[in-house]
Amino acid sequence: MKLADLAALNAEKAARRAAVLVTDTAAGETRLIRAAELAAAPLTGSALGMAAAEAIRTGRSGMAEIDGRALFLTAHVPPVRVVVTGAVHISQALQPMARQVGLDVTIIDPRTAFATPERFPGGTVLAEWPEAALPKVGLDVYTAFVALTHDPKIDDPGLIAALSARCFYIGALGSRKTHAARVARLKDKGFSDEAIGAIHAPVGIDIGAISPAEIAVSIVAEIIAALRMRGA
Amino acid sequence: MSTTDDDILAAAETWAREGRGVALATVVQTWGSAPRPVGSHLVIDAEGNFLGSVSGGCVEGAVVTEALEVIASGAARTLTFGVADETAWRVGLTCGGRIAVYVEPVS
Numbered sequence: 001m002k003l004a005d006l007a008a009l010n011a012e013k014a015a016r017r018a019a020v021l022v023t024d025t026a027a028g029e030t031r032l033i034r035a036a037e038l039a040a041a042p043l044t045g046s047a048l049g050m051a052a053a054e055a056i057r058t059g060r061s062g063m064a065e066i067d068g069r070a071l072f073l074t075a076h077v078p079p080v081r082v083v084v085t086g087a088v089h090i091s092q093a094l095q096p097m098a099r100q101v102g103l104d105v106t107i108i109d110p111r112t113a114f115a116t117p118e119r120f121p122g123g124t125v126l127a128e129w130p131e132a133a134l135p136k137v138g139l140d141v142y143t144a145f146v147a148l149t150h151d152p153k154i155d156d157p158g159l160i161a162a163l164s165a166r167c168f169y170i171g172a173l174g175s176r177k178t179h180a181a182r183v184a185r186l187k188d189k190g191f192s193d194e195a196i197g198a199i200h201a202p203v204g205i206d207i208g209a210i211s212p213a214e215i216a217v218s219i220v221a222e223i224i225a226a227l228r229m230r231g232a
Numbered sequence: 001m002s003t004t005d006d007d008i009l010a011a012a013e014t015w016a017r018e019g020r021g022v023a024l025a026t027v028v029q030t031w032g033s034a035p036r037p038v039g040s041h042l043v044i045d046a047e048g049n050f051l052g053s054v055s056g057g058c059v060e061g062a063v064v065t066e067a068l069e070v071i072a073s074g075a076a077r078t079l080t081f082g083v084a085d086e087t088a089w090r091v092g093l094t095c096g097g098r099i100a101v102y103v104e105p106v107s
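So the protein sequences, as listed, match chains H and R. So for the first sequence, our numbering puts the first residue at 1; every next one is plus one. So for the second sequence, our numbering puts the first residue at 1; every next one is plus one.
For reference, chain H alone in the conformation it holds in the complex (with noise of 0.2 Å):
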């Protein structure tokens, strides 16, 4: 692989963007292509170009036989994270069991109170308001975010930037009564009920969880179900 490729990749790594390294083995050729160049020619709708997307689509790397080539396409997307809004007890529960799934989150609370880092040991956790701390965190559709405080005031901010971001994952904790009331707010910020339905409420998988750590294992689990089983 020439450096320049490596250099170029790690880029697009540290951006969050999503690429494929495309190696010829048999030639010893190897070749970047960025998710951006996928949706213009002439990768679109090349068999090159369905294969790139294919692998971006699943994570999932291998070989692929394209115009007689025995080619291997190495899928880079980038880690999955979690940001939650409400540093509450089932946030508690939930950021040292989605590290150890590989989840990487990120709490937002205003309240001073609940967002502490004694609260939070070895974690992220930010004492501000969503509108401030969310365009620092960037949300993109690598990025699940749930939403736990109850208060409007702090979640709904943190649902209007993750459906904007379009992220792969998006939750939101309340009884149904009060998730219709949200939806009711949502659709006067103008977003369509087909994207208003992808919001997860109630919550996680039911699994009767009751406590605040039963809870956490139903939303990881349900994060990760969204994860793995897309378009499945």
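Where hints are given, some of them may not hold.
What the hints assert, rightly or not - With a straight-line cut-off of 20 Å between C-alpha atoms, the simulated DMTMM-like cross-links for lysine to aspartate or glutamate are:
(1) Lys13(H) <-> Asp6(R)
(2) Lys2(H) <-> Glu60(R)
(3) Lys2(H) <-> Glu29(H)
(4) Lys177(H) <-> Asp188(H)
(5) Lys2(H) <-> Asp6(R)
(6) Lys13(H) <-> Asp7(R)
(7) Lys2(H) <-> Glu12(H)
(8) Lys136(H) <-> Asp156(H)
What the hints contain is simulated information worked out from the structure, not anything from laboratory work.
Starting from the structure of chain H, add chain R where the hints point.
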């Protein structure tokens, strides 16, 4: 904290920029049970320093040896390891799987 894919590729770039001879090994195919998934990387320098893994520690030694030759010659090669292969058995891919590892110079 284990070494991530990002750390390995960043190290490959850093080492190459420092003027060290560098090879990158990548698991390109697996058959049966294999300890590391396709796409896993191992980066090696001309001194034999390495970071990452292509197996559970079973064949890294052999890959490093081959990588030194790749760095010296500048030509990429594909290695296969598996229980059907006497050499591979000796270096110990005992999980019963087979893997193909592509080793290329970074230049």
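Right, here's what the structure says about each hint:
no.: 1; hint: Lys13(H) <-> Asp6(R); in the structure: holds (7 Å)
no.: 2; hint: Lys2(H) <-> Glu60(R); in the structure: violated (23 Å)
no.: 3; hint: Lys2(H) <-> Glu29(H); in the structure: holds (9 Å)
no.: 4; hint: Lys177(H) <-> Asp188(H); in the structure: holds (17 Å)
no.: 5; hint: Lys2(H) <-> Asp6(R); in the structure: holds (17 Å)
no.: 6; hint: Lys13(H) <-> Asp7(R); in the structure: holds (11 Å)
no.: 7; hint: Lys2(H) <-> Glu12(H); in the structure: holds (16 Å)
no.: 8; hint: Lys136(H) <-> Asp156(H); in the structure: holds (18 Å)
This entry does not satisfy hint 2, going by the numbered hints stated previously; all others are met.
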